[in-house]
Amino acid sequence: SQTIHQWPATLVQPVGSPLSLECTVEGTSNPNLYWYRQAAGRGLQLLFYSVGIGQISSEVPQNLSASRPQDRQFILSSKKLLLSDSGFYLCAWGTGTGRYEQYFGPGTRLTVT
Amino acid sequence: SQQGEEDPQALSIQEGENATMNCSYKTSINNLQWYRQNSGRGLVHLILIRSNEREKHSGRLRVTLDTSKKSSSLLITASRAADTASYFCATQPLGGGGGNKLTFGTGTQLKVEL
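Going down the list, the sequences are from chains H and W. Under our numbering, think of the first position of the first sequence as 2, with each following residue one higher. Under our numbering, think of the first position of the second sequence as 32, with each following residue one higher.
Derived from the structure by calculation, the hints contain no laboratory data. Ideal Cβ placement from N, Cα and C applies to all residues, glycine included. There's no promise every hint is true.
[Claimed, not checked] Simulated restraints on C-beta separations:
# : chain 1 : residue 1 : chain 2 : residue 2 : range
1 : W       : ALA109    : H       : THR114    : 38 to 48 Å
2 : H       : LYS81     : W       : THR98     : 26 to 36 Å
3 : H       : PRO62     : W       : LEU106    : 36 to 46 Å
[To be verified] Under the rule of at most 25 Å between Cα atoms (straight-line distance), these lysine to aspartate or glutamate pairs were calculated in the DMTMM-like manner:
#  : chain 1 : residue 1 : chain 2 : residue 2
4  : W       : LYS57     : H       : ASP86
5  : W       : LYS101    : W       : ASP38
6  : W       : LYS87     : H       : ASP72
7  : W       : LYS100    : H       : ASP86
8  : W       : LYS87     : W       : ASP38
9  : W       : LYS57     : W       : ASP38
10 : W       : LYS87     : W       : GLU36
11 : W       : LYS87     : H       : GLU102
12 : W       : LYS101    : W       : GLU144
13 : W       : LYS100    : H       : GLU23
14 : W       : LYS132    : H       : GLU102
So here's chain H without its partners, still in its complex pose (with noise of 0.2 Å):
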């Protein structure tokens, strides 16, 4: 069966702080994958979609960055943080080919001050 991961789940950094959050898929291959970002009481924004290693693809200009840089591995990442990136992160997973459905990790709770 398939699984996904993302760590950590919690995290508090400084603002001007790098960030680096690490999700990982198991038991599939050449995933469609998805950086999400809730904010508080609201709905999910996309952030990042891949198709395939080294694909990135941004939905809204920011200051976070994405990377694949193995099949079933996707990183967000900031070189400076932002009081307004604080946020629940979520990573999620599609299979791309005729199946539409997006399964979830556990989310990241991101808390810049």
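Assemble the complex: chain H is given as a structure, and chain W must be docked to it using the hints.
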């Protein structure tokens, strides 16, 4: 921008009652999906309905889709306390969109009281 808008934003019912949530969207879609999110957790996929379907059932869930009105509803029958969660609709644009990406609504917070 959020494609889907759920209504109501919050809903409180008694255990055993039915819960109905609505979703409206703006553009033509390939499919519409419903997800559940327990507080502080990731989302869980509940059900997918394609644009050429009008109704779909899964256990205690019933989803309807009206593409002429660009709206969908999720009915949870005989609700339980464990159904307490936020529910989101998500749409996939006609043509699939790059990477099969989804646009999520703002969600309905459902509270089921004993």
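Checklist entry - Of the hints given before, which are not true for this structure? => result Result: hints 2, 4, 6, 7, 12, 13 break, sorted rising.
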